[in-house]
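Fit chain B to the given chain A structure using the hints.
The lines below spell out each chain.
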Amino acid sequence: MIDLLLSPLSYAFMQRGMAAAILVGILCSVVGCYVVLRSMAFLGDAVAHAILPGVAIAYLLDGNLTVGALLAAILVGLGIGFLTRQGNVKEDTAIGILFTAALALGVALISTIRTYAVDLSHILFGNILGVSSGDLWLTIGLSVIVLGSVILLFKPLLIISFDPVLAATLRLPIGLLNNLLMILLAFTIVIALQTVGIGLVAAMLVTPPATAYLLTRRMAPMMFFSALIGIFSSVVGLYLSFYYNIASGAAIVLTATFLFVLAFLFAPGRGVISQKAHKSRVLRG
Amino acid sequence: MDELNKMFENLARLEIDHVYAGYGNNLILEDLTFQVPHGGQVAVVGPNGAGKSTLFKVLVGLLPVKKGNIFIHGLPLGAHQDCVAYVPQRGDVDWKFPVTVRDVVMMGRYGRLGWLTRPGEKDHQIVAECIHQLGVSKLANQPIGELSGGQQQRVFLARALAQQPHILLMDEPFTGVDISTQEVALNLLEELHKQGVTVLVSTHDLNMAAERFELVLLLNRKIIAFGPPTEVLTPERIKIAFGGKVLFIHGAAVVDECCPPEEQDNFGARS
Chain A
43 MIDLLLSPLS YAFMQRGMAA AILVGILCSV VGCYVVLRSM AFLGDAVAHA
93 ILPGVAIAYL LDGNLTVGAL LAAILVGLGI GFLTRQGNVK EDTAIGILFT
143 AALALGVALI STIRTYAVDL SHILFGNILG VSSGDLWLTI GLSVIVLGSV
193 ILLFKPLLII SFDPVLAATL RLPIGLLNNL LMILLAFTIV IALQTVGIGL
243 VAAMLVTPPA TAYLLTRRMA PMMFFSALIG IFSSVVGLYL SFYYNIASGA
293 AIVLTATFLF VLAFLFAPGR GVISQKAHKS RVLRG
Chain B
11 MDELNKMFEN LARLEIDHVY AGYGNNLILE DLTFQVPHGG QVAVVGPNGA
61 GKSTLFKVLV GLLPVKKGNI FIHGLPLGAH QDCVAYVPQR GDVDWKFPVT
111 VRDVVMMGRY GRLGWLTRPG EKDHQIVAEC IHQLGVSKLA NQPIGELSGG
161 QQQRVFLARA LAQQPHILLM DEPFTGVDIS TQEVALNLLE ELHKQGVTVL
211 VSTHDLNMAA ERFELVLLLN RKIIAFGPPT EVLTPERIKI AFGGKVLFIH
261 GAAVVDECCP PEEQDNFGAR S
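Protein sequences, first through last, are from chains A and B. Each residue of the first sequence is one higher than the one before, starting from 43 at the first, in the working numbering. Each residue of the second sequence is one higher than the one before, starting from 11 at the first, in the working numbering.
Only chain A is shown next, with the shape it has when bound in the complex (with noise of 0.2 Å):
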């Protein structure tokens, strides 16, 4: 069994790979918490397929293509807020515009580069076991930044969260807030391309923050039940996709996945039976 779980960590690529896929978990699963609980879900979709554009245009200059997705990510994020403060589009509009835009643009440019269909399948599907040691450093000081941020930055976050009336009469400054909230969504957004890739971002994002919300009752035990859910899903997956050859991405997002069925369904308090469970209680008096 030991030997099981340890002999895939011989070949350094999977060492990397499970270095990558365990900070991507953390992440994600912690900057997710304000995904969910602020219904972000589609902006966190859009943003990761707003980066296409942003890599081929890194690709064509020959730029590093990692700096690409972060600035295009960055560029549509802050856009939306910026539509969306105008006053005369909805946000979910604004978001439909852009994204939408942003991905044809990426098509577009794409579509002039013939060698290009390899590195495409990587971006859109990850490729957690091509991890170098290059893009782990870049993902160890981006983690270390976001998850900083996010530390330090508890209160006001909270605050701007839950009740952006408090915010106000506190006279925090509530779209800065937002905007670096909007910044630090997109800087998990590219770290976890390696290992999902765009298709799958958003599950990382939503899947592991929504399981904690069944187990939890207060935001810092929900953050922290939510990394723990994104460790254990990037590694069990990892494992599976080693073992039986299925795409890393999809290993990873279906376990975690896997975990939230479990939540759903045996939660205390919040579960489906443990609710059943109450209601008939109830009814019998």
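Treat the hints loosely; a few may be bogus.
[Said to hold, decoys possible] Calculated lysine to aspartate or glutamate pairs in the DMTMM-like style (CA-CA distance at most 25 Å, straight line): (1) A/321 <-> B/156; (2) B/106 <-> A/134; (3) A/197 <-> B/131; (4) A/132 <-> B/102; (5) A/197 <-> B/139.
Derived from the structure by calculation, the hints contain no laboratory data.
Chain B alone, transformed into the frame defined by chain A:
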């Protein structure tokens, strides 16, 4: 007389000077000028749409003034970050958020704590006292979503108390809540009076305004009258403020509107 005015000004904690406010092109408050002395308790009375909630939103900085000035302790609005607390008519929050009663009340301390400091012994003690004072100690560890409407209102009052404000604004705290929550809110007013906290409470209950408050601001977009209830709440003035919506039965005024509709809220903080 000038001397006296000057003294009054020095004592004033809250000074509103020719203030105009509204949403977009729609002017709701016109030329309000009044001063509330140190520790004064004011009932803000007026019909629906008179601008009671708008006045509070302006005072707390949720809505900018179009013209005029507001001074708190002689300094313009916004110079003090934590001395005005506001309890909205119905907290416009996500009730499914994973926070307990204690967490919500602790948020009242955040203004004083700053962004990076963790709550200390003293903060926990103040939070526990405020929770106790509003009679929700047993619920301290409950998620706020599991509370009744009256209990939720008490939690928001406890949070305002934990802010240790110099000025407390309460929007219709006696509307749509159970009798015991009303009683708790009234006791709270007395306690705040002892502490010298300046309080503005909006209400449509003329009798409560007359019995429980030393000052009444009769408002209908403009100030109809401001002063002690016996001077302000005269049948003539009430008629001016409320128009045809008021009945006099044996000298007691009854207003023909009980539950004010949710005021249209053009303010989008969550963008």
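Structure-based check of each hint:
no.: 1; hint: A/321 <-> B/156; result: 15 Å, holds
no.: 2; hint: B/106 <-> A/134; result: 21 Å, holds
no.: 3; hint: A/197 <-> B/131; result: 17 Å, holds
no.: 4; hint: A/132 <-> B/102; result: 20 Å, holds
no.: 5; hint: A/197 <-> B/139; result: 21 Å, holds
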